[in-house]
Amino acid sequence: MSNTTHTTTNILVVGIGGQGVMTATEILAEAAIALGHDVKKTEVAGMAQRGGVVSSHLRFGPKVLSPQITPGTADVLLGFEAAEGMRWRHMLRPDGLALMNTGRLVPPVVDLGLYDYPEDPVAAVRAAGTRAFAFDASAIARDLGDIRLGNTVMLGAISGHLPFPADVLEQCVLKRFASKKAELVELNRRAFAAGRSAAAQAQVASAAADEACALA
Amino acid sequence: MSGNEAVSRAVWEAGVKVAAAYPGTPATEMLEVISTYPDLYAEWSVNEKVSLEVAFGAAMAGSRAFCAMKHVGMNVASDALMTMTLTGVAGGLVIAIADDVGLSSSQNEQDSRYWGRFAHVPVLEPADSQEAYDYTLAAFALSEKFQVPVILRLTTRICHVKALVTVSERVAHAAAGFEKDAARWVMVPGAAGRRLPKMFERERALRAEAEVSPLNVVEAGSDRRVGFVTSGPAYMHVRESFPDAPVLKLGLSCPVPFAKVREFAAQCDRLVVVEEVEPLIETELKAQGIAVAGKDILPQMGELSPNVLKPAVARLLGEPVPEVAKAAPMQVFPRPPTMCVACPHLGVYYTLSQLRNVTISGDIGCYTLGFGHPWNALDACISMGASMGMALGLDKGRAESEADKKIVAVIGDSTFLHMGMQGLLDIVYNRGNVTVLLLDNRAVGMTGGQDNPGNGRNIHGEEAPRVDFARLVKALGVREERVHVVDPYELPTLFKTLREETKVAEPSVIITNQPCVLIKDYHKLKPYTVIDDKCTGCGNCVDIGCPAIHVTRRDRVKKASGREVDLSFVRIETAACTGCGLCVQPCAPDAIVHAEKVSVINMLKKS
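Chains as they are written, first to last, in the working numbering: chain X, -8 to 207; chain A, 594 to 1200.
Since the hints were derived computationally from the structure, they do not count as laboratory data.
This one's a predicted model, so the numbers in the text were calculated from it and none came from an experiment.
Treat the hints loosely; a few may be bogus.
Stated by the list, open to error - Distance windows between CB atoms, simulated: (1) 110(X) - 998(A): 40 to 50 Å; (2) 892(A) - 138(X): 39 to 49 Å; (3) 54(X) - 862(A): 24 to 34 Å.
Note that beta-carbon positions come from the ideal geometry of N, C-alpha and C, so glycine has one too.
Let's have the full structure, built from the sequences with the hints guiding it.
Okay, structure coming up:
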């Protein structure tokens, strides 16, 4: 048996309970299955519906053994919440990519004054040497009329950073709503496109910032 | 399919007639999924012991039967297990036990493979979803071949991992019918004594089976410096970490096939046993004189994932430790699970946090979270139903300095029915001075809102007889005037009732009667908002602990008395608020109002 680590794609999706992290990973898994990959998906979310931390691991390739992503080997980190993206940064491989929602969900322990929310999670992740594209997926979802569209926005964002075409993932997203109202399909189509373009803009902004740094 | 879904599919395909369980993470989904299949009987039982007895009864009648539980469930069910191993079974009986390795949602970490040794029954350990499916089918065949209950040992990393599974179709299994045989089914000492030798004989036969079982596989490898003996999900981590090493994978891991291990050992320079959690195979191999490494180099808790295995084995071989996980995690605030927005327990814990000189004996469920901030109003929690007995013990064992201490026990509806009723009877019978808060939210909340005898619905959501908690506790002997049913959203009533009942030196029960916000019985009300210029920053609403209330700004002022006071000005996430009104009650300046009123006022202002 050969070592699978080089042929396996590792995607880590993180956020908090109720954000649709597990559903998003499920849809990513469906896309990978549709393309004939072996797929394993795992999460630790025992009490996640009580607003706790959720991290969902997706691995796909010719043959996947361990379902868990070893720290330092994730290819892409999809952060549904700013501080959660920061919490899991160490899971990325050195040249891995963080796609981060800048939207914040402040937990009661912060409201109670027991802990501080990090000042700028995206800057902190970049300062640690990680390539990060950041955008406000929560605001995009709200503007489209429903915060629950956030996970489709995030899937749109990652769609340009996968080893398969974006429309494979888009089809898997829309399939979920096929049996529901047509307007819901349309809304998710728009959310997906908005996420995709937000990530692309963030990429351009990030490159420009890098260039500016290089010139300075 | 998740491991739980794969097991469920196989249970259906195996022609099982009766399946029973009490919900518990990570095992819950098995019965949930099984209940959606046709042609079998599925139930939520009141506890794991009853579920195992129900499944066993069906197996006595010659039907195939299935029972699922989390690891601690078997502690409850073990009384039944330890004798059904003597009678054996007629129809196949498979018991899936899900160990929460890594404690994602449990009060402890246990290795259920011990039960295989203790009860002399075989243990199968699948390593992924496909094996969970395959082994479940194999377990029924094994159970019937040896007329023995079979344990299917799962872990969180099997139950909740999704992977591709190839399935088949259902094969009906006809029940032979119950055959009366007192010498076999009535376990009085004489009869049981005669069954013991049969049990040991069966174990010998099972060990011989393990030697030849296709579930125990040797995978040859080119790098023979270390051979791995492994089972369950640890196998996948071993394969991932050491692709060229020889591996003996034990699918039927109890009884251990010693001859097979010896043969394998001869092919490798040394053996390492990789098993989650306890050193069971390791200890048994050592007792056989087979040299192995195991827990001397690996942790005796948690998962044995690649980042644990690789450094440990490198150290054993005297090699440089590979640098995985170079980057340390960044420091971010913890995000512990919280109670939900508008949860009826919020009112209970806010009230409890206002009581002084009280010890609060807690139990298992969402309400265990009451130990945390901002309430800090739960002082102990060990096992299902234990709040009752612990409270009585705290009462009877109180120190002289605690003569005035009030003892309160907090327990949920489902936990009370699971194992709390007996404890309350003990409190009544022995004249304990305990105030019991029975939080009836009509659901097994923590595991996802499953139905139970307290809400009048069965596993399919159909109408079922519903327990009347007030009548039940009165029947257990709590005096009529000491039983109160209270709306937990009415803080003054709740506080007054609690204060009065804790003064009375006899058992009382206060039942709260509002549903879990995650089940269909709950109805949202109009959301609230905060009028900024009315908020004085007193922070009373923050002490409710509702996740929809956020602090916008802090301040510290010096009162006229000279005392420094911290202020927290707040806003309400109106989109999340469901209008329970708990935060409105302690708000002195009436700064919290219905959101729609404010939007009308704003509209008027603009026009």
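- prompt: Regarding residue 54(X) and residue 862(A), is the given constraint of 24 to 34 Å on their beta-carbon distance met?
  reply: Roughly 27 Å apart at Cβ, these two residues keep to the hinted range, so it holds.
- prompt: Taking the CB of residue 892(A) and the CB of residue 138(X), does the distance hold inside 39 to 49 Å?
  reply: holds, 41 Å
field: residue 110(X) paired with residue 998(A), Cβ distance criterion 40 to 50 Å
entry: Roughly 45 Å apart at Cβ, these two residues keep to the hinted range, so it holds.
Taken one by one, the earlier hints all hold for this structure without exception.
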